[in-house]
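Each protein sequence line maps, in turn, to chains A and B. Take the first sequence: its letters are residues 1 to 230, numbered as in full-length UniProt numbering. Take the second sequence: its letters are residues 1 to 230, numbered as in full-length UniProt numbering.
These are calculated hints, taken from the structure and not from any lab test. Careful: at least some of the hints might be erroneous.
[What the hints assert, rightly or not] DSSO-like cross-link-like pairs, simulated, lysine-lysine; straight-line CA separation at most 27 Å:
{"id": "1", "chain 1": "B", "residue 1": "K105", "chain 2": "B", "residue 2": "K121"}
{"id": "2", "chain 1": "B", "residue 1": "K39", "chain 2": "B", "residue 2": "K121"}
{"id": "3", "chain 1": "A", "residue 1": "K121", "chain 2": "B", "residue 2": "K196"}
{"id": "4", "chain 1": "B", "residue 1": "K105", "chain 2": "B", "residue 2": "K196"}
{"id": "5", "chain 1": "A", "residue 1": "K196", "chain 2": "A", "residue 2": "K39"}
{"id": "6", "chain 1": "A", "residue 1": "K105", "chain 2": "A", "residue 2": "K196"}
{"id": "7", "chain 1": "B", "residue 1": "K196", "chain 2": "B", "residue 2": "K39"}
{"id": "8", "chain 1": "A", "residue 1": "K121", "chain 2": "A", "residue 2": "K39"}
{"id": "9", "chain 1": "B", "residue 1": "K82", "chain 2": "A", "residue 2": "K105"}
{"id": "10", "chain 1": "A", "residue 1": "K39", "chain 2": "B", "residue 2": "K105"}
{"id": "11", "chain 1": "A", "residue 1": "K105", "chain 2": "A", "residue 2": "K121"}
{"id": "12", "chain 1": "A", "residue 1": "K105", "chain 2": "B", "residue 2": "K105"}
{"id": "13", "chain 1": "B", "residue 1": "K39", "chain 2": "A", "residue 2": "K105"}
[What the hints assert, rightly or not] Here are some, though not all, of the chain A residues that point toward chain B, as calculated from beta-carbon distances under 10 Å:
{"id": "14", "residue": "V25"}
{"id": "15", "residue": "G63"}
{"id": "16", "residue": "I67"}
{"id": "17", "residue": "G130"}
{"id": "18", "residue": "E134"}
{"id": "19", "residue": "A136"}
{"id": "20", "residue": "L138"}
Think of the CB as a built atom: it goes at the ideal place given N, C-alpha and C, for glycine as much as any other residue.
Protein chains: 2
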Amino acid sequence: MLTLYHYPFSPACRFVRLILAEYGVRHELVLERHWERRKQLLAMNPGGFLPVAVENDGPPIVGAGPILEYLDETRGYAQGEKRLMPDHPDRRAETRRLVEWFLQKFEDEVIGHLVHERIYKLDMPTALGGGAPESAVLRVARANMRHHMRYIEYLTGTRNWLAGDHITFADLAAAAELSCADYLGEVPWAENDHAKTWYARVKSRPSFRPLLGETVRGMPPVPSYQDLDF
Amino acid sequence: MLTLYHYPFSPACRFVRLILAEYGVRHELVLERHWERRKQLLAMNPGGFLPVAVENDGPPIVGAGPILEYLDETRGYAQGEKRLMPDHPDRRAETRRLVEWFLQKFEDEVIGHLVHERIYKLDMPTALGGGAPESAVLRVARANMRHHMRYIEYLTGTRNWLAGDHITFADLAAAAELSCADYLGEVPWAENDHAKTWYARVKSRPSFRPLLGETVRGMPPVPSYQDLDF
Chain A
1 MLTLYHYPFS
11 PACRFVRLIL
21 AEYGVRHELV
31 LERHWERRKQ
41 LLAMNPGGFL
51 PVAVENDGPP
61 IVGAGPILEY
71 LDETRGYAQG
81 EKRLMPDHPD
91 RRAETRRLVE
101 WFLQKFEDEV
111 IGHLVHERIY
121 KLDMPTALGG
131 GAPESAVLRV
141 ARANMRHHMR
151 YIEYLTGTRN
161 WLAGDHITFA
171 DLAAAAELSC
181 ADYLGEVPWA
191 ENDHAKTWYA
201 RVKSRPSFRP
211 LLGETVRGMP
221 PVPSYQDLDF
Chain B
1 MLTLYHYPFS
11 PACRFVRLIL
21 AEYGVRHELV
31 LERHWERRKQ
41 LLAMNPGGFL
51 PVAVENDGPP
61 IVGAGPILEY
71 LDETRGYAQG
81 EKRLMPDHPD
91 RRAETRRLVE
101 WFLQKFEDEV
111 IGHLVHERIY
121 KLDMPTALGG
131 GAPESAVLRV
141 ARANMRHHMR
151 YIEYLTGTRN
161 WLAGDHITFA
171 DLAAAAELSC
181 ADYLGEVPWA
191 ENDHAKTWYA
201 RVKSRPSFRP
211 LLGETVRGMP
221 PVPSYQDLDF
């Protein structure tokens, strides 16, 4: 059995949950509020961030990148056509580039700020940084969002999936990040048709369903969030 | 032939150069000042960061993480005992966790600031942000350095190499980052004996020699930088 320590609106955790569902890996989820810096979390990951996975009595597998590679190394070979990592080294490099792009750059410049300000801070005690969102931070994140959406629009307008002809980890990484902003109504879909059509395809996958059912206490999603034909 | 677009005092670029030397990959280096945002660089990597590798007429391989995996996938099998990625998925995850730790966390909190303020800004025109280092930034980086060194001291005090019994990509990532700060005399070795002994071992490898010979114009390294018994 694999245990995933996660937080529901952490995009990197959502990314790993999508992989687990796509690869059919039996697992249990442990909710972790990483800002509490629980001793057990720090013992597994001195960096204190999520996600962390533990398989049976094995050592902790720390961070979305290492977990992706671990799951692909231990389960990918059995997926056949459904494997989320291409075979050719060049295509693998492109997949990994885009996974890093979305989980790091998109996260740092856009989604991390939106989620922190508008969701995490609702759940954090004031002493640990909870409270009202800072509008200056949101303004910068929203400006950056437009640039990132143009790149996603370009990729989805020129390729079938983000990294090429087939769905890969890159699509799940981008969609996991976008899903958190989409909950908040922060994605400018109207200006980005190709991106919207691509996201509707990813969002319609059975692996996505559990994510779409989760809600933030006291803040329901925008109406289009759960709508597969938004 | 593999071409690496790099900057000599970029830790991530040094990391890739160490891998190329350890794996015996014939290559040529192209010096890139990434702050110039040269069109050809942006066409290869819309993020505009280094390193970028191109093999023959293949597509660009972007970023230290994807390049590491690419080189290991295409050359690792032929390295036998000298392979820098362990065989077991658990050990591979630990290697990747540490590579990310050093190339991202250590870079973002410590080394990136030191290198940017004290080296890059010497080489950058004023209009692009060049000039004197900001002492407030250096102060924070130096305070963070002490925490990171304690972690390296802990790892090297309890393990033969950073990720376990054998040298891995993790050692090269950490040493590449440290080497840039060491050039500047910014590493508190005196308080960290195990780390110092470990670094002396990495620094003595033939793959390290070309890095130790490079200098910043107008700013020679501290005397111990090139000394293998520092």
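Against the structure, the hints:
1. B:K105 x B:K121: holds (21 Å)
2. B:K39 x B:K121: Holds: B:K39 and B:K121 sit about 21 Å apart, inside 27 Å.
3. A:K121 x B:K196: violated (41 Å)
4. B:K105 x B:K196: holds (20 Å)
5. A:K196 x A:K39: violated (41 Å)
6. A:K105 x A:K196: Holds, at roughly 20 Å.
7. B:K196 x B:K39: violated (41 Å)
8. A:K121 x A:K39: Answer holds: A:K121 to A:K39 is near 21 Å, not above 27 Å.
9. B:K82 x A:K105: Violated: B:K82 and A:K105 sit about 33 Å apart, past 27 Å.
10. A:K39 x B:K105: Answer holds: A:K39 to B:K105 is near 20 Å, not above 27 Å.
11. A:K105 x A:K121: holds (21 Å)
12. A:K105 x B:K105: Within the cut-off at roughly 14 Å; holds.
13. B:K39 x A:K105: holds (20 Å)
14. V25: violated (13 Å)
15. G63: holds (6 Å)
16. I67: holds (8 Å)
17. G130: Cβ of A:G130 sits 24 Å from chain B, so the hint is violated.
18. E134: For A:E134, the interface hint is violated, since the closest Cβ of chain B sits about 21 Å away, which is over 10 Å.
19. A136: It is violated, given that the least Cβ distance between A:A136 and chain B is near 20 Å, above 10 Å.
20. L138: Hint violated; A:L138 Cβ to chain B Cβ min 22 Å, cut 10 Å.
Violated hints, in rising order: 3, 5, 7, 9, 14, 17, 18, 19 and 20; the structure is consistent with all others.
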